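There are 4 protein chains.
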Amino acid sequence: MSFNTFGRLFRFTTWGESHGPALGAVVDGCPPGIALSEADIQPWLDKRRPGTSRFTTQRREPDTVRILSGVFDGRTTGTPISLMIENVDQRSKDYSDVAKAYRPGHADYAYDAKYGFRDFRGGGRSSARETAARVAAGAVARLVVPQVRVRAWVEAIGGDAIDPANFDDAQIDQNPFFCPDAEAALRWETLVDAARKSGSSLGAVIACEATGVPAGWGAPLYAKLDSELASACMSINAVKGIEIGDGFAAAALSGEANADPMRPGVDGPEFLANHAGGIAGGIATGQPIRLRVAFKPTSSILTPVETISPTGEAATIATKGRHDPCVGIRGVPVVEAMVALVLADQALLHRGQCG
Amino acid sequence: MSFNTFGRLFRFTTWGESHGPALGAVVDGCPPGIALSEADIQPWLDKRRPGTSRFTTQRREPDTVRILSGVFDGRTTGTPISLMIENVDQRSKDYSDVAKAYRPGHADYAYDAKYGFRDFRGGGRSSARETAARVAAGAVARLVVPQVRVRAWVEAIGGDAIDPANFDDAQIDQNPFFCPDAEAALRWETLVDAARKSGSSLGAVIACEATGVPAGWGAPLYAKLDSELASACMSINAVKGIEIGDGFAAAALSGEANADPMRPGVDGPEFLANHAGGIAGGIATGQPIRLRVAFKPTSSILTPVETISPTGEAATIATKGRHDPCVGIRGVPVVEAMVALVLADQALLHRGQCG
Amino acid sequence: MSFNTFGRLFRFTTWGESHGPALGAVVDGCPPGIALSEADIQPWLDKRRPGTSRFTTQRREPDTVRILSGVFDGRTTGTPISLMIENVDQRSKDYSDVAKAYRPGHADYAYDAKYGFRDFRGGGRSSARETAARVAAGAVARLVVPQVRVRAWVEAIGGDAIDPANFDDAQIDQNPFFCPDAEAALRWETLVDAARKSGSSLGAVIACEATGVPAGWGAPLYAKLDSELASACMSINAVKGIEIGDGFAAAALSGEANADPMRPGVDGPEFLANHAGGIAGGIATGQPIRLRVAFKPTSSILTPVETISPTGEAATIATKGRHDPCVGIRGVPVVEAMVALVLADQALLHRGQCG
Amino acid sequence: MSFNTFGRLFRFTTWGESHGPALGAVVDGCPPGIALSEADIQPWLDKRRPGTSRFTTQRREPDTVRILSGVFDGRTTGTPISLMIENVDQRSKDYSDVAKAYRPGHADYAYDAKYGFRDFRGGGRSSARETAARVAAGAVARLVVPQVRVRAWVEAIGGDAIDPANFDDAQIDQNPFFCPDAEAALRWETLVDAARKSGSSLGAVIACEATGVPAGWGAPLYAKLDSELASACMSINAVKGIEIGDGFAAAALSGEANADPMRPGVDGPEFLANHAGGIAGGIATGQPIRLRVAFKPTSSILTPVETISPTGEAATIATKGRHDPCVGIRGVPVVEAMVALVLADQALLHRGQCG
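Protein chains in written order, with this note's numbering: chain A, 1 to 355; chain B, 1 to 355; chain C, 1 to 355; chain D, 1 to 355.
The hints are simulated quantities; they were obtained by calculation from the structure and are not laboratory data.
No experiment lies behind these values; they were computed from the predicted model shown.
Think of the CB as a built atom: it goes at the ideal place given N, C-alpha and C, for glycine as much as any other residue.
Among the hints, a few may not be true.
[Claimed, not checked] Covered by chain A, per the in silico footprint, the following chain B stretches (three or more residues, Cβ under 8 Å): (1) 150-164; (2) 267-278.
[Claimed, not checked] Going by beta-carbon spacing under 10 Å, a handful of chain B positions derived as facing chain D: (3) Phe10; (4) Leu348; (5) Gln353; (6) Gly355.
Turn these sequences into a full structure, and let the hints guide you.
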């Protein structure tokens, strides 16, 4: 099947392909009366826009968003908000040989196996271009939960991690890697440049923190915050892992080492640790929500790889089309958007049931 | 909110608390004509049943399942299948002091923050006892996709991992740890015994493999197999991380090292690697589906931990109630069940759209 | 498919067959802290219970409900509420010949066509017995919207309608027909007795009114109150028509005759008419919500009817099993339940989006 | 809440307001490989287009549809199909006084009560213009179930009904009323002209028949065909009633008179009657599916009606804006679209569960 809608009360549906005329999102269930204009959305799109540095794909897309419905006199009306972004810089010729052979690691073979047929231009629907629509919807979600601050950054590229001791929030927007560690950012320049020049690619780990989430948001059992966040992040292209709080590290700990003790605080409890990433029993504890997401290296590389053709013959393919040497970098605003979208939904759900 | 239903076409809804009279699942959307009796479900429940070894909680529950609807003349009718398991060995007194103070790391505080009120007996709805209902539903799911084999095991306990070189499928059911490495199983006896005796607890990593999944199952974009599996596993108590294929390890690789080359095979392509865990673009490639799940150590420990009372006073709590020194162990049949439930749903979804 | 769940935030799932061991409902999404016990549900079940007068089926079912989960210390916890009703008085032998030939007008042939197989005992899943589970869930829904009063009655049986001039709310519970017109009730005794004795059956029209619904509930566009109410009522066995407000009569009116003028009232507008049945644009106006539901006569009649056997041979069938001469009568509490369930859901949805 | 998505597997989401820049639909879950171009959709839009005769609103909209995604090389890809229709002939000034007073019978007051705010231009989201998006989506649905023929017509206007004896399918497209009775069509010219000239409006009854629906489609219990069709039709602007088969007339019949006897036929049973409208137990019997829908007269009339202003003062309003004297007429293609959308969804659901 195809399920292009995400969310339960605050829902969005995305549409569009890499080389179609446009792509977009329809946001449904947004509360009424929220001030909204393109200017509230564009900055987030600019953050993920391609072609902004030599470390991202050279495809040049303005990613200009238009609001086609759901807003009147500058405020949301409670009806669906249609957001559209036109594609401008498609170069379908770049992808001609993708029609002749499957790119291993990409969705090419799987889509053909499922649908018997695919739009091979730039990966069609499976292209990361679709994430522009998520970022646009995410910008609306942020306005639904203004008390929440969602912030993501790159924690490691190709296995080279930041030094937590160097963490500086102010650095994140000062370099093309969303890197909070100035020294790591310098190392990554060399690292990503090398990958780019050799036509290779690198994986990355993104970390995200959401502060201001009140205790109580979350929906046991199958819409636990952990579940919703995992589902949201795993739906992002190239994501292959997610951890809430300490994640896999917690699996190596004892109960004593993993405890999050509480003591009376000014309003609500003061927590002495946050191994659980701000979620217990699927419900927010009021602590910062913390998660980490693993992006695999893009499978678009210049090195020829063994593969087969749609008709089953042996072939090799080298991806020449423009692409990101490290897709994880531009994953930062996308992870932020998905987390914001989950939290906006949970906010409405909580109010719906618990008033 | 409370969302106790999982799935899109093959759906199940669970209900029940740790110390209520019973718990159960209603399976809806199951295809008709499938031979089904309690005997098809009971073995899977027995696999997760408590009190089977000294390494699990000493609560003794027969976990006998009854089919109350949806089956006629030994076959499914296509209508909802109601499965019920009665609780037998509740000892609510064990949990009396849980009413007086929140157990850090448990859902106690979060449930109160959300609902203003909670069933504190054995964790109420947030108890891992609910997973019995999932295992029962999962047994039905297995019958919907008989071509698929879902198999999970424990890969590490408290940071002590198996040696892949020792992997022996036959070993998994030969020890109380679902451990495929006989040597590791011996080490874990000592490890878990020590934790049990000291009233401590240990985290664990579960690995799961599903073979026989045909290429094409999966549902872009927000019901990608990766997403559905992540959502399903993250909804299990104590789970804090999930990886598909190489997961976080892939984030440290280059595109060349992470490639899954293909060459012509007997039927469909032969893959030379499986870093992606059998899923590309959210759709199955026909390779084995591989995932890993991180279970945190249970927060139920004898060591007193700083906490607060429902009225906000400082307190300490030590959990005396019967519990698992390593909840991850009994997570094995639960992970298997959730994976089977996702695959049964995807099988019907694929047939519905692409049939 | 099989979709046995209804609702969006306040959801219920029903299960069970006419001749299975039990049937039930799982209510999910109910707000926490609501006082609830079996005593709040039983009276509504008693209202639809069979065998209470000679005008309903002689099957004798106590329809005793048990709450198996979701309630602690006499209050809802916000987690799923499992309600179970055991079947006591099944007489499967009565239905033996239903296995040999399809009862025209019943679901027999259609279920076989869909599922290739059916539980023919008393109609299995398609039996009106399932509505007991709806009435139990509806009793919970009423407690979620205590400001709302949902009241239904029989407006016509076999084409013999009440005289609006005789409408007396107090009469409704004074006769076995839920009839607000004492004179009509007398006529119906003769009418229904005749049908019962001749083994015939009669259709009926049920009217329902919900007062206390605040302006603003409702969810454009595809969850309009009109749509949700229509969907809810059309899902009841034997229902073949629904009207909101004037319904089909409005189709014969001019815009002037159909207008619902407003003038300033004490709080909000005072309406001078209610042709629209209290709903405009799918949203409640604050007026009483009014609807009418058409129940066809049950197809269970003594007169032999031409039919075919599952193997396609010509046959005739006369239904001897116990049944209602006029199913519409016992439809009254069922319509009330479905309306209450829709309104509880809409109340939570409205709070969720519009706070 | 706002729920602008309809369907379970074959789903569509609509967006847009009467006076916004555009409106559209996103169709998700459509099977792959279906030949689709704008030319397959435009004829159905032309059928409901305004300004085609003096009997419909004089607003002139080309209603030209564009396919923005989901189609490649002229075939559906299985990914979301985005359909957009630009608004051309908005005259917002016409609606200025709608801002100052609520139009009784319209959604004006209810939307304000719900959202505290509304787009009053032409009714904003509650305008029947939204149905253009449904018709576009419905055109895609027809291609999903090519074996099904969905055909609707006007059965009565302002209480003046056709004579069944005069029914002639060929006539339906020969007059501006979709009227199968040539004589009635002539009478309606006078009737609707009079209403139009006096600035009045008339209600209408639409009948719809779907042939070629195989026995077995439908989804008990809460997605019964009756329920889905009722929900779909009741979501159309101005619809206040729906009947399946004989509907309310059946409520006046005896079981004998309402029976649909069967006898062995060439393939499957031959039915001797179709009181049930082709649906038993919520599942298609293979007979033609028959339903009737009641459209109220539009509340837009020249006669001043008592009302109130958003600030609660007494006012009167007469609707001068361009509108349909009988909205039911243009409801014909909309009812057809909704029925086709329900059947496409049920076709996929049936295949998903019953293969």
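To see whether the hints hold, each was checked on the structure:
1. 150-164: holds (count 3)
2. 267-278: holds (count 6)
3. Phe10: holds (8 Å)
4. Leu348: At 5 Å from the nearest chain D Cβ, B:Leu348 passes the 10 Å test, so the hint holds.
5. Gln353: Holds - the Cβ of B:Gln353 comes within 10 Å of chain D, reaching about 6 Å at its closest.
6. Gly355: holds (4 Å)
Going through the hint list in order, the structure satisfies each hint without exception.
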